[in-house]
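Asks: Place chains B and C on chain A using the hints.
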Amino acid sequence: MNPTTTWYLVLAAILFGLGAIGLMVRRNPLVMFMCIELMLNAVNLSFVAFARSFTDIDGQTAVFFVMVVAAAEVVVGLGIIISIMRRRPQATVDDLAELKG
Amino acid sequence: MLDALWLIPAAPLAGFILILLFGRRLGEPAAGYLAATMVAVSFAVTVGVFFDLLGNDEHHREHVLTLFSWVPVGDLQIDMALLADPLSITMALFITGIGSMIHLFAIGYMHGDPKFSKFFLYLNLFVLSMLMLVLGENLLVTFLGWEGVGACSYFLISFWHTRPSAATAGKKAFVTNRIGDWGVMLAMFLGFTTVGSVSYGALNHAAEEGGIATSTATGIALLLFVGAVGKSAQLPLYLWLPDAMEGPTPVSALIHAATMVTAGVFLMTRMNPMLAAAADWAPEIIAWTGAITALFAASIAVAQNDIKKVLAYSTVSQLGYMFLAVGSGAYVAAIFHMITHAFFKALMFLGSGSVIHGMHEEQDMRRMGALRVMMPVTAGTFIIGWLAIAGVPPFAGFWSKDEILLFTLASSPVLYVIGLITAILTAYYMTRQVLMVFFGEARWESHAEDQGAHGEFRPHESPPVMLAPLVVLAGLSIVGGVIQLPSFGIIPKGWRHKLEDWLHPVVEPGEAVIKGTSAYDAKVWLAVLAIACALSGIALAVAVYGRRRLRAIEPQLLADGWRYDAGVSAFMGGPGRRAFDALARFDARVVDGAVNGVAALVASTSGRVRRLQTGNVRSYAGIVGAGVVLVLIWFVIVRGVL
Amino acid sequence: MELVVFVCATAMVLAGAIAVIVSPNPVHAALGLVLTLFGIAVHFVAMEAHFLAAVQVIVYAGAVVVLFLFVIMLLGVDRSEDLSIEPMPIQRPLAVVVGGGVSALVIAAVLRVRETLGSDEVAAAGDTNIRALARNLYSDHVLAFELTSVLLIVAVVGTVVLTRRVRTSEDVS
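Protein chains in written order, with this note's numbering: chain A, 1 to 101; chain B, 1 to 642; chain C, 1 to 173.
Everything labelled a hint here was simulated from the structure, so no lab data went into it.
Small disclaimer: the values here were computed from a predicted structure and weren't measured.
Accuracy of the hints is not assured; some may be wrong.
Unchecked claim - Between beta-carbon pairs, the in silico distance windows are:
id : chain 1 : residue 1 : chain 2 : residue 2 : range
1  : C       : Val5      : B       : Trp634    : 17 to 25 Å
2  : B       : Asn596    : C       : Ser80     : 51 to 59 Å
3  : B       : Asn596    : A       : Phe54     : 55 to 63 Å
4  : A       : Ile84     : B       : Val624    : 33 to 41 Å
5  : C       : Glu115    : A       : Glu98     : 31 to 39 Å
6  : B       : Asn596    : C       : Val142    : 54 to 62 Å
7  : C       : Tyr138    : B       : Leu612    : 17 to 25 Å
8  : B       : Val609    : C       : Tyr138    : 46 to 54 Å
9  : C       : Met1      : A       : Arg88     : 48 to 56 Å
10 : B       : Ile637    : C       : Glu115    : 35 to 43 Å
11 : B       : Val609    : C       : Asp127    : 52 to 60 Å
12 : A       : Thr4      : B       : Val624    : 25 to 33 Å
13 : B       : Ala603    : C       : Val142    : 22 to 30 Å
Beta carbons are placed, not taken as given, at the ideal position from N, Cα and C, and that holds for glycine.
Isolated chain A (complex conformation) (with noise of 0.2 Å):
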C-alpha cells in the first residue's frame, strides 16, 4: 500500500501540533524559534502534498516563497534575540515581559 496524500497531511497535522506544544511549552528563546520552524515545516510540507495531488506546481512555489521568508525571518529574529541577550544572558522568555499592561 502506498502512502496517501492523507498521510502526509496527517504527519504534517502532527507535526504541527508537536511545534505548538513546544513553543508554549519551551522557556528558551532559541529552542522557541526552533519549535516554529518545526511548524513551518509542517506547513511546507502539507503544500507540496497538495501540490503533487492537484498536479499544480504552485504549491511547491510556496513552499519556496515560505522557506525564503522563514530564512530572513530567522536572520531578524536571532538578531534581536541578541541584541537582548547581550545584557541579560541567563534570561529566559518569561523575563522579557516589558510590554506588560
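Replies: Relative to chain A, chains B and C alone:
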C-alpha cells in the same frame, strides 16, 4: 413693479448692512436718515406694487416671486418666496409707511444717545423681519420673520441694557414669545405632514377643498393661535408687553403698537380657510380669549400712572378686539381695526414720547398736567388720537370698532356686551390720561425742585423732526375710517366697503356673512349705541378727573394688574422652579448618568481585561493557540466538515 | 518500497520533533531539528519535489540551523533549561489542548475529505521539476520573487544595524 417685489425687504436689509459696517462712522444723525430713507424706499416700492395689483381685476391680484429654493430635502420643498396679494401689501403699506415716520421721530428722540447708530441698525433689522413675515409665501418664511421680530424686540426693549429692569424686560419678552413660537412650529409640522407643504397656497387650498380633516385643521389653527397669543400679547401670555415699555418710546410705537404685535392677527387672517375648516368651537375660543383679554387689560389701564403703561395695556385691550373680530369671522374688520389702531396708537405713543422728551424723561402722569400750554402740537395730535380710540365719529377708531361690534353681536350677544363694556372703559381711561397729562393743574412745578441746580424747569415742545410724524399720523387718524365705510344710508354707494372689496379674495373662505341677520338690520342703532358708550365713558372720566365731582376709583388690585404678573413670577420662582430643578436633576442623574455609566462600565471592563496583557510571550502564544483551536472547531465541527 | 521510505522518513521527522521539544540542552534541540529537516527533505524527494528537497537541505538544514548553533554558542545560552518547573501552571495543559486540538481537528478534516484530495499517482512529468518550478516562478510570480529579494536585503541590513555594538571610548583604548 411686481417683479421688483424683492426690493421691499431688500431696502431695509441694505440699510442694516450699511449701518452694520459704517454705523459708527456715519454717526448721528446720518445713520438715522439712512435708515429712514431705506424704509421710505420700501414704502415707495410697496405703493408701486399696490397700484400694480389694483390695476388687475379682482381674481388676479396674487403674485408670487420665488427668490431661490431654500430647503430642498426629499419630499420637503420650501422656497424663499414672496407673495404679493391684497393682505400682504396692505400690511406692508402701513409697516413701511408708519415705520418710516417712526424712524424720523426716532432721529429726534434718540438725539444725544451714545448708541444712536445701533438703534437704527436694530430698527432696520426689525422692519426687514416684519416685511419677511407679512410678505412670506409660506409658513417658514413667515416664521423667519416671526423669529426675527422677536429677536429685534429683545434687542430693542433691552436697548438701555445697563438698566436691570430693561434687561429683564427684554428677556421676559423673548421667553414669552418663545412659548408662542412652539405653537407655530408644531402647526408647521402638522401642516407639512398632512398636506406635504408649508406654503399658504397649498395649505389654504387643501383646507378649502376639504382635503384636511376637521381635527387636523382645528389643531393647526389653534396651534397657530398659541403663537398669536404669545406674539400679540393676549391672555395668558400678555405679561411681556407692559414690561416692554422699558424700551425707548419709538420702539414701543413701532413694535408694540403698530407692527409686531399685529403679526398674530395677520397670521390668523392669512390662515382663515384653515380656521374655517376647523371645528366650530375653535373660533369661539379665539373670540372669547380676545374679549376677556380686552376687558381685563382695559380694567388694568384704569389704574396705571405711567404714561406708557396706560398705552401698553390699551394696546393689549385693542388687540383683544382684533382677536374678537377674528373669532367672530370678521377678518376685514380685524384688519381695519389693525390699520386704524396702528395710526392712532403709534400717534399716541409718539406723542407720549414727545411728552417724556419735553418733561426731561419724566413718565409719571401724576407729575404732569396742563401741558397743552407748553406743547400745543403734541397735545393737539394726542387729543385727535384720544378721540379716535374712544370711538368718536368721524375719527377712524369709531368705524373700525363699530364694525367689530356689529359682527360680534351677530355671533354672540354675550361677547357683544363684553365688547361694549370694554369700549366704555377704553373711553374712560384714555380720557383720564388726556386730562392728567394735558389739562388740570401743572403738577410738575414741585418736580422742578428735584431738578435742583438745573435752573427753572419748563417742559418744552419737541423739535420739528419729531412733530412732523405726529401731524401725519393725526391726519390719518382723522380720515382713516374712509377705507371701510359701512352701508349706512347717508354714505354714498361708491364710498362703501373699500377695504372689504380689496381683501375679499383673501378672506372669503372665513369671512362671516351677516347680511341677513338681525344685527345687521339694526346696524344704525348699534352705531348710535356705540357712540353713546364712548361719550358716557368720556363724561365719567371728566367727572372724576376733570371736574373732581366724583372720587377716583383706582384700586390697588387693578394697578397691580390683578396680580397676574406677580402670580406668574411666584409660580415660576416657587413650584415652577422646583419642577424645573427636578427635571434638571433628572437630566444630570439619569440621562448623563447613563452616558457616564457606559463610560465607567467600559473603563472597569477594560481594567479587568487588561490583566490579559501579561507581557509574557508564552501566555500570548497560549491565547493565540486557543483562538486557533476555536476557529478550527467552528469550521470543522460547526460548519460541518465533520 | 515507497512505504518503507515513508515510514523511515516519518520516524526521522517525529523523532527529531520530539527531541526539539523535550531536550533541556538547546544544542540537542538543534540537532533534533536537523533530523526533522532531513526527514522532511526525504518526503519532498518522495513527492517528486526534488528542487525543494535540495533547497531544504542547503538552506534550512545547512544555513538556518548552523545560524542557530552560532547564536547558541555566541551567547552562551547553552546552559540547560530546567524543565521540571513551570512558573505558569496553566501552560502545560493548555499546550496539550492547543497542540492536540489543532492536530486532531485538522486530521479529522483531512480524513473527512480524503476522497476529494486529488490523485495519488505521480503524474508523468513533462518537464523536470526544477524547470517547471522555474517556469512558474519567473512568469506568474515574478513580482513576488522580486519582492522577496528586497525582503532578504532588508532583513540583512536590518539585522546588521540591530546588532551593532556602538563603539565607546573604552573599546578604543
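Asks: Quick one: which hint numbers does this structure break? Sort them smallest to largest.
Replies: As far as the earlier hints go, 1, 4, 5, 7, 10, 13 are violated by this structure, in ascending order.
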